[in-house]
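Engineer: Here are the chains, one letter per residue:
2 protein chains.
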Amino acid sequence: MTDRSTALFTDRYELTMLEAALRSGTAQRRCVFELFTRRLSGGRRFGVLAGTGRLLDLIRDFRFDDDELRYLQDDKVVDAATLAFLKSYRFRGSVSGYREGELYFPGSPVLTIEGTFAEAVMLETLALSVLNYDSAVATAAARMAIAAGDRPLAEMGSRRTGERSAVAAARAAFIAGFDATSNLEAGRVWGIPTMGTAAHSFTLLHEREQDAFRAQIEALGTGTTLLVDTYDIRTGVDTAIRVAGPGLGGVRLDSGDLPIVAAAVRAQLDGLGATGTKITVTSDLDEYAIATLAAAPVDSYGVGTSLVTGSGTPTAGMVYKLVARQAADGSWVGVAKSSADKASKGGRKTAFRVRDAGTATQELIMVADGFEPAGTAPEDADARALQVPLIDGGDIDASFEGPAGVHAARAHHARVREELPVRALALSRSGPAIPTVFVDVA
Amino acid sequence: MTDRSTALFTDRYELTMLEAALRSGTAQRRCVFELFTRRLSGGRRFGVLAGTGRLLDLIRDFRFDDDELRYLQDDKVVDAATLAFLKSYRFRGSVSGYREGELYFPGSPVLTIEGTFAEAVMLETLALSVLNYDSAVATAAARMAIAAGDRPLAEMGSRRTGERSAVAAARAAFIAGFDATSNLEAGRVWGIPTMGTAAHSFTLLHEREQDAFRAQIEALGTGTTLLVDTYDIRTGVDTAIRVAGPGLGGVRLDSGDLPIVAAAVRAQLDGLGATGTKITVTSDLDEYAIATLAAAPVDSYGVGTSLVTGSGTPTAGMVYKLVARQAADGSWVGVAKSSADKASKGGRKTAFRVRDAGTATQELIMVADGFEPAGTAPEDADARALQVPLIDGGDIDASFEGPAGVHAARAHHARVREELPVRALALSRSGPAIPTVFVDVA
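These protein sequences, in sequence, are chains A and B. 266 is the number that numbering that gives the first Met the number 0 gives to position 267 of the first sequence; each next residue is one higher, with no gaps. 181 is the number that numbering that gives the first Met the number 0 gives to position 182 of the second sequence; each next residue is one higher, with no gaps.
Chain A on its own, in the form it takes in the complex:
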């Protein structure tokens, strides 16, 4: 691994478009791109935006250094004039968007990028990669958090997604309501609490289960959580309390029919006097399994595979579209393709969440024909403006980056989730919880 620029996390066609635009004189036309999703995949009732703070970090490192330029030259990806342009490239445009942790619906302009065509077109792949993956995980995480109610949730899916996506997944899950992660890099980089004690291999390393438990307790204290299902669960629980005493912090169950097993283990623990010992379950959970366990005596959940793969919807399906640009005479014009099933709506969007007695009723999107924002929501409505400035003329607002940005996003998500109508909290497949209403402001 070397200290890398992020500039080649980019589809080749962005650079070939740049080359063609530099030649034809259109590269310097000012443009507005918007990032949004046409629908909520998987019958979701809302989406949760995540990745914005991470994207800002990555845009900071989006530059063409010697390694990148040499590759583009050697592989003849672009011509010499384009290479010269890339050498001094920095994004000097502006970006606004929904706050990280905010809810979104079909058509919500979660990110708006303004700049010359040359500078804005190049961020397409990077912005989509980050927001599509992170939002898919955050959306699944929010559903799991709703299902879990007051019980804590830990993210432990690193092993079931790419090694760096794992860090992003831990971050997205924390924003959407998870309480901790097993991933140490997420702890280091994003300030997320980490958790974890032992795997089955630790028990198997020892001659007897009791030897493993004793070793763990000597190192981590009786407040630790012992994994009791390597062999027979009933024997494992007995051994755990015999070794640790009734003050044992917790036991973890990673297999079996969890509602039944959890009830039996709770009764066994109580019978042994270990009434304060908590039960954590971690076997192949998703939001539906968590809901099924609501009445079982479970104290916390660990979720892996289904979380980091978006629980059946591994990508948020967002797209990055040119919606307005300058014409040859300098005037602004809204633009949109009209491809079958993929038509989009031209013009710059300004978005509001309309509420009635504190409950969201509508995603209101005012559409301007050109560059200028389309003004304000109707004065008689309780409407919350959804977009905030993120990058101004190339200057990144650092308050959205790093651990502070993550914790602010988590707090924002908790607040805005309270606005959701009750029907949005159901887990079944359905349409968006509130309608998206476009209003043209000519």
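Be aware that a few hints might be false.
Given that identical chains are not distinguished, each listed pair holds provided it fits within a single copy or across any two copies.
[What the hints assert, rightly or not] Simulated pairs of lysine-lysine, PhoX-like, Cα-Cα distance not exceeding 25 angstroms:
#	residue 1	residue 2
1	75	86
2	277	341
3	75	277
Treat the hints as calculated values from the structure; they're not laboratory data.
Position chain B relative to chain A; hints supplied.
Structural biologist: Below, chain B without anything else, positioned relative to chain A:
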């Protein structure tokens, strides 16, 4: 971004187990861990192993530098003795495994890690992250390549997965039979051919479609591929040939009912004398859509979302299990947990692909009780040994790394796919194409 160690792409419990084992004196026991999948998720008939070469690179960078140690100390993840151990940690054990690009089946020991418990337990998360994601993509890619037959396939899904997983996905798809990628970083790092010309935004940047086509052709020549579905496809094709002439390289269709649209476009192109102009289709393809297009006049496919998300199976479901260890007296013993539905088979495995007249008939796995490999396959069988050494006492075999490793894996995959029985090539859900047979060698 800073120049990073990979040591914290790790679940916290690996370090807490290390701490407990260092205290109890079991950390130096020699161990054998195996990485395998219990089943082929998604009704797949075979799996394709990918990620091995990438994993070797990452193991090379698995070290605890000041940043990592400071975090582990500040967050009180482990005690001082464990920090001291980690400071000088390097993996000095040995690793063997299936060649990258090889097929696998339930129970196939695709990676075997030998070393002390302390050094081997820490690679669990990293090894699983890499092989689970990359193999899920490679397995989907192989099915698409089978469906595409002789028509070339391009990977263009970077925007639908995490920005670094995107690079891994391009690499895995290439190994499993794709011909090119849109991802420039995959081109730079892994030597994979890149492709791509223009998006709809390039057409929308210009006043008229013909202006955009002319600009693209001036930059990239008439051999380029024009995207003709921004507005009306029929008009787009007419404009394309009018601007480029009948020698136009290709047109790309990214929307609509592709079998019907492709046939209409082919007839239109032929009518305009552009009989050599190729048709590329790229709209929401997966292996089933590709199969549906077999009779349509399509020349090549571009695949995005479904490929990088494993076409419904976004993780390969592999696990990392302790299968043998030294006892207190130095003797070796096979170990396995017996958890409900997750029981595994102890003892070190040696794997062979048994063939009959060149066609695979069986995954034969010889199981030893302890450390020593379990010998050879029956002499009367045509059996190909599947495991090769990858790391020997900490020394990584560099021939599996970098672009050379990727190209060797691609060639190996093409060879071994020829061994599959015909029933393995069907796309429908079913069981493994060949049975896995375990033979205990006591």
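Engineer: With identical chains treated as interchangeable, where does the CA-CA distance between residue 75 and residue 277 reach 25 angstroms or less: within a copy, between copies, both, or neither?
Structural biologist: Between copies only: 22 angstroms across, 61 angstroms inside.
Engineer: Between residue 75 and residue 86, at a C-alpha cutoff of 25 angstroms, which is it: within one copy, between copies, both, or neither?
Structural biologist: within (15 angstroms within a copy, 44 angstroms between copies)
Engineer: Using 25 angstroms as the alpha-carbon threshold, which applies to residue 277 and residue 341: within, between, both, or neither?
Structural biologist: between (50 angstroms within a copy, 23 angstroms between copies)
This entry satisfies every hint, going by the numbered hints stated previously.
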